[in-house]
Amino acid sequence: MAGKRSFVGQVSDDETKLAISLNVSKFKPDELKVNIDGRTLTVEVKQEVKEGSSYTARSFLRQWTVPKGVDADQIQFTLTENGHLTIEVPKPKPTITSRSIPIQKAIDQPTVKSS
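Under our numbering, the first residue of the sequence shown is numbered 181, with each subsequent residue one higher.
Worth double-checking, as some hints may not be accurate.
Taking lysine-lysine pairs in the DSBU-like style, the calculated list, with each CA pair at most 30 Å apart, reads [what the hints assert, rightly or not]: (1) Lys208 / Lys197; (2) Lys248 / Lys273; (3) Lys230 / Lys208; (4) Lys248 / Lys197; (5) Lys226 / Lys213; (6) Lys213 / Lys273; (7) Lys197 / Lys213; (8) Lys273 / Lys197; (9) Lys271 / Lys197; (10) Lys213 / Lys285; (11) Lys230 / Lys248; (12) Lys208 / Lys226; (13) Lys226 / Lys206; (14) Lys213 / Lys248; (15) Lys197 / Lys226; (16) Lys230 / Lys206; (17) Lys213 / Lys230.
Honestly, the hints are just simulated from the structure, not real lab data.
Let the hints inform the model, and build the full structure from the sequences given.
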């Protein structure tokens, strides 16, 4: 990212979801790129402005590791009118690792002696 300015972001992580909010109000929607590769969620922003003989470029890249088992199709991305990008990553429900197994009563069979 050019300059010393950082883009304000908030991350909240609870049992049901990972929520990320970024202020991208200085950028146009077509300058935003969101990608998920494996468990890595990436937000990349690139902006190039040419005015006469002046040229300005700014960019930033943020990455997060999403929880194991996340379905990428369930991730929701929302860009508000005032330039806040919100990403909600629903966490998978935990699988049940223990259960009760009923015990069946065995019927005693008479023993057959071989001759």
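For each hint, the structure was consulted:
1. Lys208 / Lys197: At roughly 27 Å apart (the allowed maximum being 30 Å), Lys197 and Lys208 satisfy the hint.
2. Lys248 / Lys273: With a Cα-Cα distance of about 11 Å, the restraint between Lys248 and Lys273 holds, given a limit of 30 Å.
3. Lys230 / Lys208: Since the Cα atoms of Lys230 and Lys208 sit roughly 15 Å apart, the hinted pair holds (cutoff 30 Å).
4. Lys248 / Lys197: holds, 12 Å
5. Lys226 / Lys213: holds, 8 Å
6. Lys213 / Lys273: holds, 28 Å
7. Lys197 / Lys213: Status holds; Cα separation ~21 Å.
8. Lys273 / Lys197: With Cα atoms ~10 Å apart, Lys273 and Lys197 stay inside 30 Å; holds.
9. Lys271 / Lys197: Holds, at roughly 5 Å.
10. Lys213 / Lys285: Violated, because 62 Å separates the two Cα atoms, which is more than 30 Å.
11. Lys230 / Lys248: violated, 43 Å
12. Lys208 / Lys226: It holds: about 10 Å lies between the C-alpha atoms, which stays within 30 Å.
13. Lys226 / Lys206: holds, 11 Å
14. Lys213 / Lys248: Holds. Lys213 to Lys248 sits at ~23 Å (cutoff 30 Å).
15. Lys197 / Lys226: holds, 28 Å
16. Lys230 / Lys206: holds, 15 Å
17. Lys213 / Lys230: holds, 21 Å
Of the numbered hints stated above, those contradicted by the structure are hints 10 and 11, listed in ascending order.
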